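Chains as they are written, first to last, in my numbering: chain A, 1 to 473; chain B, 1 to 501.
These aren't lab readings, by the way, just hints derived from the structure by calculation. The model shown is predicted, which means the values in this text are computed figures rather than measured ones. Any given hint might turn out to be false.
Which bits of chain A does chain B cover? Going by a derived footprint, with three or more residues having C-beta under 8 Å, they are [claimed, not checked]:
hint	region
1	9–21
2	347–360
3	363–374
Heads up, simulated DSS-like pairs for lysine-lysine below, C-alpha to C-alpha not over 25 Å straight-line [to be verified]:
hint	chain 1	residue 1	chain 2	residue 2
4	B	Lys265	B	Lys100
5	A	Lys87	B	Lys174
6	A	Lys464	B	Lys497
Glycine included, every Cβ here is placed at the ideal spot set by N, Cα and C.
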Amino acid sequence: MPPQTSSPAAMPLLEGELKKLRTKANLSQAVSETDKLLELLIKAREEVASSTDAHSASLIMAKLQNPLDSRFESITDALRPVDRGQKAYGKVLDRSFPSRALPTEHDAMAEHSPLINRAIAMHLLREGQFNVARIFLQETQEKINSNSGGGNQDQDRDMTPADELVSESTPRTTDGSDELEEEEAEEGEEQEASYELDEEAIMAPLRSRNLQLKFEIMYEILRSLRSHDLIPAINWAADHSYELDARGSNLEFELNRLQFIYLFQQGGPDPEFAAQMTDEERRIEGRNSALQWARERFSNRGLQGRHAKDIQQLVTAVVFASNLPSSPYRHIFDASGIESAFSEAGTSFTRDFCSLLGLSAESPLYVAATAGAVALPQLLKYMTHVKEKGTEWTTEAELAFETPLPRSMIYHPIFVCPVSKEQTTDQNPPAMLPCGHVVAQESLQCLLKGTKAKCPYCPVEGHKHDAKIIEIL
Amino acid sequence: MMRQCPGKQFRCTSHVEMPEDIFAGAKLLQDDQPRPATASDVVALSAALSGNTHCNCCTQSASPLYERNMADHESAKLDHDNHLLLDQSLVRLPHELLRKNFRSAHVVVERDKEAIKRQLREATIKGLNGNTSRDDVLKSLDNIIARGKKLRTKLGACQTEESRLFQQTEARVKHLGQLQGLHTLDDVKYEGWSHARLDRLLVDYLLRQGYSDTACSLATERNIADLVDIETFVAMSRIQNSLRKGKSVAEALAWCADNKKELRKLNSNLEFSLRFQQYVELVRQQTPESQLLAIAHAKKYLYPYQQAYPKEVKQSCGLLVFTPNNPGNPQYAKLFSDDRWEMLADLFTRTYNELLSLPSIPLLHVALSSGLSALKTPACHSHTSGQGVNADGDVDMAGSTGSIGDSSGGAATFATESYTNGRMCPICSAELNELARNVPYAHHSKSHVDHDLMLLPNNRVYGLERLKNHAKKQGIEEGKVKDLRGRDVYDEKDLKKVYIT
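Using the sequences and the accompanying hints, generate a full structural model.
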């Protein structure tokens, strides 16, 4: 029994096998044998055509039988290695990349295509795939229309049971009985009509060009950024400086800082113009335009207050223009870093831009799909263990097994009570004892003896009222 | 990705208080592709920014982020042996199709061989018996040649399909093989690969849901045509629609005929069900002729399967007594119902997937169920602390009117100095929050919190370093910190250390 793996290590092997197939086990031989068969037939036809009477024609036909048989024999022979080769390839495939069943029995997503569709539309828009998004929104609308136009009979498979709309408007209860009732009500025309409204309601906001326009602006600014034109980004940041400040973002300053450095290094705002100058001219021009930029941008606004020290450094560094590499300010003007500084500015900008829209910078769909692939082996392992019981893993409140994700995919602080080993929740929040140790509230209840509780981790005993429900953020 | 102490990329100067150079971390982002930020970009960036006030390698303690990353090394490792579970059909399907292609080539050859040989034999015998003219011989030979040409055309088509499949397999094997050189999930190259995987999953989903135009344009835009199975699913959709919308079994029956042997191996009841539907349609017409035709049809296509489907065959007999308007009992009403077309379309889809060893549900569903669950925490649907979600649990969908760009909305709890270094939880995002309600939250056996947690007098707990960074950015005076999610400012000495065991 080979180990059950789905490893990319199998690929070079398969590549080699494929090469064998391509050269030795393809249909080309069979095709050329068929061509020969046709030649034989056509030659026979010429002979018949030039024969004088029916009898000799028939004789040609009679003589044709054996060569024809052997031609067909060759075609069949040519097929044989193809069959053999493919079978061999299949064996290698089975051995090196054995097929493993996926957990498809309980599909928690099956009834939520409107929500998935919305997530996809958002994903396409934020990735800048405006054309694909447009087609998608069109196609989803057509489908909604054809479903509602077709009447009751034309029930589409994707018409989800009515409980879908319940979960849209109100938080889904963990109690399964509600769903059952809703499913029974599914037949009702009213329910169906409101469901359609619902999918429409989900997708309609995306169809308005509003969101797309926002992302078009974002990509426009990013395009400029890539060609080292910071002005659109700086203008955007200035226009939104209040919101950015509220989020603790330094984007406006960082962009201005980069512009300062760029002007200084480049020798002014126009690279073509700068290219015609001598080194000395460029240095002077760069210094002047950078300083002018600093005067215009750093003089007012809150920038000066919060970044006074940084601004001082930038401006002071200009003094060392002629011997920067040996000055303490060399790292500010590290010429090799300018490219990556621009690309980083793009990243910061994207993040802040999305954040102002209430969106994360990374596509949630991307993160979820990637996390899905990472966690899938654990799910699969679990599924094989509980298969006999037929447990539906998706109906529990908490997964029964751990799904380790990289640190970059942990977004909330997670507190596991050291006593009960349970994660804290709204219902069972973390509680801090007077000594500073933290347990879950329910565990605290168990630790209580009268009104006092002894910390399980240190000798301190505290009063119930001194314990605090805390929020770890 | 090289997540290292950002300070180490530069020689430390004596300017300890100088902000980290904004170049730091950005070196990792050399690609000039216009793409939105991705996980590791943001981490890189945050790594560069979070050490803002002190150069990490100069301070006495190592960067906490650095420590965290070290500890985290294991889970960021790419598990090669199990990472291609979602991608099995990528190499399986072309092989299935290759086999299918060979079988049809084989069938064509066998069938035409027999036919041509017979034609030749008959023509010869006829000719030798003397009751034929030369032109007759010529004519029968022409027929034979026509048949041979048809064989050549069909074989040629098979050959074309074969090379297409070879090319596809090669591209796919290469694509999957690219993972081999990658060892961590934070590798920028892995992100590229994983993006391509998402695109594949999306195309698979779109095709299965019948959004073929979107699927085609996405495949073209992303240049992954060889990595997705447009033809396979478009063919499936066509037959699905002929059942569902066209209420016709013709195309589905033709497909059954093409795959007779394999269907028999699967023990499939598809063909029987389709024949049964034909029978129902004949009965439905309620004319004397159609009744006779129905009986003939049943004799030919249903009764022979009496042993396999005793209940259905019995029902088919009973059905003759009833009319669609007066079906007698619910059982027969069901047989006359239009819902059967839906059932047939689903049965066909299941059979089609099974025959080609394709997963029965969209792979995106598998990935999302597993991924949403792994990412979800109790906080994501919490009434108090979720990011991007209003206090009453309503999702503030960015697309809904008015909320776009309105930073004062529900999403305003977002702070750059959050636990995640300014990254928003995908489950809390408006895009996935509702969907994630349908899966359990992840199980954790150990805490993941900042190492320097401090309790604010308002009972909120944050890492001290984050509090300090935030205060600095907000221009709060020295010695004071500000609640990351509120307006309250506190004296640093009023904070209390929190011990997490």
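Checked hints:
Residues of the region 9–21 of chain A with a Cβ under 8 Å from some Cβ of chain B number 7, which satisfies the need for three, so the listed coverage holds. Remark: the region 347–360 of chain A is confirmed as covered by chain B, as 11 of its residues place a Cβ nearer than 8 Å to a Cβ of that chain, reaching the required three. With a threshold of 8 Å between beta carbons, the proposed coverage of the region 363–374 of chain A by chain B holds, since 12 of its residues qualify and at least three are required. Between Lys265 (chain B) and Lys100 (chain B), the direct Cα distance comes to roughly 14 Å. Compliance with the 25 Å bound is thereby established for this hinted pair.
As the CA atoms of Lys87 (chain A) and Lys174 (chain B) are separated by approximately 21 Å, the hinted pair is consistent with the 25 Å bound. About 19 Å separates the Cα atoms of Lys464 (chain A) and Lys497 (chain B), which keeps this hinted pair within 25 Å; it holds.
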